[in-house]
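A.B. asks: Chain residues, written in single-letter form:
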Amino acid sequence: DARVTQTPRHKVTEMGQEVTMRCQPILGHNTVFWYRQTMMQGLELLAYFRNRAPLDDSGMPKDRFSAEMPDATLATLKIQPSEPRDSAVYFCASGLVRTSGYNEQFFGPGTRLTVL
Amino acid sequence: AQTVTQSQPEMSVQEAETVTLSCTYDTSESDYYLFWYKQPPSRQMILVIRQEAYKQQNATENRFSVNFQKAAKSFSLKISDSQLGDAAMYFCAYKNYGGSQGNLIFGKGTKLSVKP
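Protein chains in written order, with this note's numbering: chain P, 1 to 116; chain L, 117 to 232.
Hints listed in this document are in silico derivations from the structure and should not be mistaken for laboratory results. Each hint should be verified, as a subset may be incorrect.
As the list claims (entries may be wrong) - Mimicking DSS-like on lysine-lysine, the simulated pairs with C-alpha atoms at most 30 angstroms apart in a straight line are:
1. Lys186(L) <-> Lys227(L)
2. Lys224(L) <-> Lys11(P)
3. Lys211(L) <-> Lys227(L)
4. Lys227(L) <-> Lys11(P)
5. Lys224(L) <-> Lys62(P)
6. Lys211(L) <-> Lys78(P)
Please model the entire structure based on the sequences and the hints provided.
C.D. replies: Here's what the structure looks like:
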């Protein structure tokens with residue numbers, strides 16, 4: 001049963017600390033998305049990768065956020081330094097994008113981040 | 117830029133009754149996808165139903181059906197024979213057709229309560 005996994009599921013940290021969230025996409029998928037969910041903003045795209053290359057990271061605060069795909073089985077989202085306003089649920093999703101046709105995005109369970 | 121609007125923050129339905137959740141969107145594209153996602157308290161994002169804009173026929177999945185009005189840019193979800201397990205947040209989402217812009221654009225969500 002292929003699924004997207006995310007670690008950690010919950011993270012509580014203090015302001016100023018570094019936070020790293022990890023995502024393992026479904027094997028064979030070539031696209032990975034990072035979304036953030038807050039009560040105020042809802043679900044919004046932070047960044048996404050195609051074949052490990054960043055295609056769009058315009059939704060991500062560049063001064064403190066960074067996203068990478070060290071290899072095809074791992075995507076990371078890092079916040080340094082973290083701030084209370086970063087408290088949210090961070091979702092990773094993966095999909096297999098072809099030149100045409102429908103491609104479903106499969107979501108991971110999310111990482112709930114609380115920054116005190 | 118595309119936008120998705122869900123004007124009902126909360127809805128309530130009696131078990132076994134029918135409820136309709138509203139969604140409108142804005143886009144200048146002619147080809148795109150529309151989705152309804154369910155998010156139960158577990159936070160997992162679950163795809164409920166999708167609609168391709170080029171298809172005139174409304175999509176159906178068991179008790180779930182949509183009313184897609186392309187000219188009006190409206191995409192409502194009807195849940196028939198509501199069950200207690202249908203209680204969740206429901207998100208309407210949009211995606212451009214084709215692989216170049218693969219991310220989902222979400223509405224703010226509608227919280228559905230089901231009364232026994």
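A.B. asks: Run the structure past the numbered hints and jot down the numbers of the failing ones, going up.
C.D. replies: none
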